[in-house]
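Protein sequence lines, in the order shown, are assigned to chains H and X. Using this note's numbering, you'd call the opening residue of the first sequence number 1 and step up by one each time. Using this note's numbering, you'd call the opening residue of the second sequence number 1 and step up by one each time.
Note that these hints are calculated values from the structure, not bench results. Given the structure is predicted, the values throughout are model-derived calculations rather than measurements. Take the hints with a grain of salt, since some may be wrong.
[As the list claims (entries may be wrong)] Some chain H residues flagged as far from chain X (calculated, every beta-carbon gap over 12 Å):
hint, residue
1, F125
2, L188
3, E198
4, D199
5, D201
6, D250
7, K268
8, K317
9, E346
10, Y357
11, S363
12, Y375
13, P408
[Claimed, not checked] Computed Cβ-Cβ distance ranges for the label pairs, DEER-style:
hint, chain 1, residue 1, chain 2, residue 2, range
14, X, D47, H, Y436, 19 to 29 Å
15, H, F458, X, D47, 17 to 27 Å
16, X, T15, H, M151, 24 to 34 Å
17, H, D27, X, Y40, 16 to 26 Å
In this text, a Cβ means the ideal position worked out from N, Cα and C, and glycines have one as well.
These are the residues of each chain, in order.
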Amino acid sequence: MQLIKWSLLILFVPFLSLAQSYRPLEDKEINFLSNYYTQEGNHSPVTGGIGDEKLDCIAPLTIINIPLDSLNTISVTGGLDYYSSASCNKIDLFVGLTSASSRYMSSASSNDTRGHGDIAYTRKFTKSKSSLGGMLGYSQEFDVISFAAGMNYNKSSKSENTDLTLKATMYYDIWKLIYPGEIRGLQLDNVTVRFGNEDEDYDSDSRITSTFTASIAQVLTRRLQFLVTSDFVVQNGILNTPFHRVYFNDGIPLTDSTWYMKLMRPEKLPRHRIKVAVGVRANYFLSDIFTLRLYYRYYWDDFDLSSNTYNIELPIKISQRFTLYPSYRYYVQKQAKYFKPFGEHEIVRDANGDPVYNIPFTSPILDFTTPVDQYYTSDYDLSSFVNHKFGFGIRYNPVFGVAKWKMPKIKSVIKEQSIKANPKTTVTFKYIELKYALYNRSDGLKAHSVSLDCGFVF
Amino acid sequence: MKKSFKNKNYMIHKTRIIAMAGLFVIVLILFNSCVNVKPYQKMYINDYEMKLAGKKSDVFDNGIESYREGAAGATGGKTGGGCGCN
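Here chain H stands alone, though its shape is the one from the complex (with noise of 0.2 Å):
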């Protein structure tokens, strides 16, 4: 007996040896997709809340991620968004009126490509069952430019039931003040609005938006898991977009013979603005086939903006290689306070109700009448409404990938001597997977949106 006990004792002690050593490397991931979102409406914030919103954007990303070693792990990802809108082409609204030319002019800023890319890096410890990370990002746009930094911890207990994770992100935009053609040269605040060809032409601005994420994931049954996250943000800087139009309730009509009479001023908020989020998220599988995703959240910010989202999506197994996924999602905001449509926010009036003309006056556009409220906004993204979302997507996942190819022999970056290196030389396309979604808000803007992922191991 003792004899046969020690005999697989040491039958057993080199693959403890090398499960303490060898740690399989995951796979290296590269995700290649695709958005085209298409959007039509009437409440264009670029023409004081009224006009053509239609707007098409394609958009390809690449998400790059590479585990250098076992505790080590790098993820780029970079993207395009190319649109065309048509409310972009009305920053000039009335061109031929306005006397110099620009690069900037509506033309050019109808059609515009973003760039976006950010780089992240992940570090695990396996003994105290924690990761850190950190990222750096950049984008850019015809009018902004934006840098972001990011941290992130994660701690997970011993069961590896609960998991918690801490972020923190910062956002620097900087903003070109493209203000609406027919007040370019024109005094706005004492300050002559500047314009040009040259992106030096133009007076910029910047905004700070910081980040705090906390969540919290629960294993609660073998069948039920669990999500908490909030976020808090802050931002600070400027808050609108100068190109924003706000018409006033001065009784001049706008056309082609009186617009140039009627109150107009670029959308006015505070520089500064707090938000607040916070969601839960239940996962409930019911069967080998269905499984339940439940989420709901709660808004609210300092505009006294604040909404309910609830999102319900059953993922479908019809078999080993499909999955289908139906969603609804359901979303209700109450509108900032600082929101009224076309022709609505008041202007300083006498005892009578008549309108309180300034005379003399520095530009009739700007300057004829005064406006009642200190911050103004037409821009119907924060009004009140209901926004519908009906998504179907299908998924084509075979266990041993779509498709197979061999590559030249690449060696592994390794660094751990106890792992031989034994290079890759397969790629395989994992899966593909098409979502489509469409919206439906309830000021009438409508939405589409395909999606398109394919994933590749190597």
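Could you slot chain X onto chain H? The hints should help.
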């Protein structure tokens, strides 16, 4: 009257935020007393469809929703800044 209504509105939201934070702490405490699911019992929890994190393709929908709605955050996606909102 208007001022008191505004203050009341603010107080309602402040109360909601405090209630949410309190719920977060209570959930944190209660989670410690949940059923301890062993690793070999997690065949359903580890299923791909049970992942709590969103899918990679959700980044597009999260972006669309943060641009076209006033709310942002608690989705794992963008919360503001780094525009693209035209």
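Results for each hint:
The claim that F125/H is not at the interface with chain X holds, since no C-beta of that chain comes within 12 Å of its own (minimum 19 Å). For L188/H, the condition that its CB be more than 12 Å from all CB atoms of chain X holds, with the nearest at approximately 21 Å. With 12 Å as the threshold on Cβ separation, the claim that E198/H sits away from chain X holds: the shortest Cβ distance comes to roughly 21 Å. The non-interface label for D199/H is consistent with chain X: the shortest C-beta to C-beta separation is roughly 17 Å, beyond 12 Å.
Every beta carbon of chain X lies more than 12 Å from that of D201/H, the smallest distance being close to 20 Å; the non-interface claim holds. Taking the minimum C-beta to C-beta distance to chain X, about 24 Å, the non-interface status of D250/H holds against the 12 Å cut. With a least beta-carbon separation of about 17 Å from chain X, K268/H lies farther than 12 Å from that chain, consistent with its non-interface assignment. A Cβ of chain X approaches the Cβ of K317/H within 12 Å, the least distance being about 8 Å, so the stated non-interface status is violated.
The Cβ of E346/H lies farther than 12 Å from every Cβ of chain X, with a closest approach of about 14 Å, so its non-interface assignment holds. Separation of Y357/H from chain X is adequate, the least Cβ-Cβ distance of about 27 Å exceeding the 12 Å criterion. A cut-off of 12 Å between C-beta atoms confirms that S363/H is not in contact with chain X; the least separation is 26 Å. Its beta-carbon lying about 15 Å from the closest one in chain X, Y375/H satisfies the requirement of being farther than 12 Å from that chain.
With a least CB separation of 28 Å from chain X, P408/H remains clear of the 12 Å interface cut-off, as annotated. Taking 19 to 29 Å as the suggested C-beta distance range, the pair D47/X and Y436/H conforms, at roughly 24 Å. A C-beta distance of roughly 25 Å is found between F458/H and D47/X, which places it inside the suggested range of 17 to 27 Å. Restraint check, T15/X to M151/H: a C-beta distance of roughly 32 Å satisfies the suggested window 24 to 34 Å.
Between D27/H and Y40/X the C-beta distance comes to about 24 Å, which sits within the given range of 16 to 26 Å.
In summary, the one numbered hint that this structure violates is 8.
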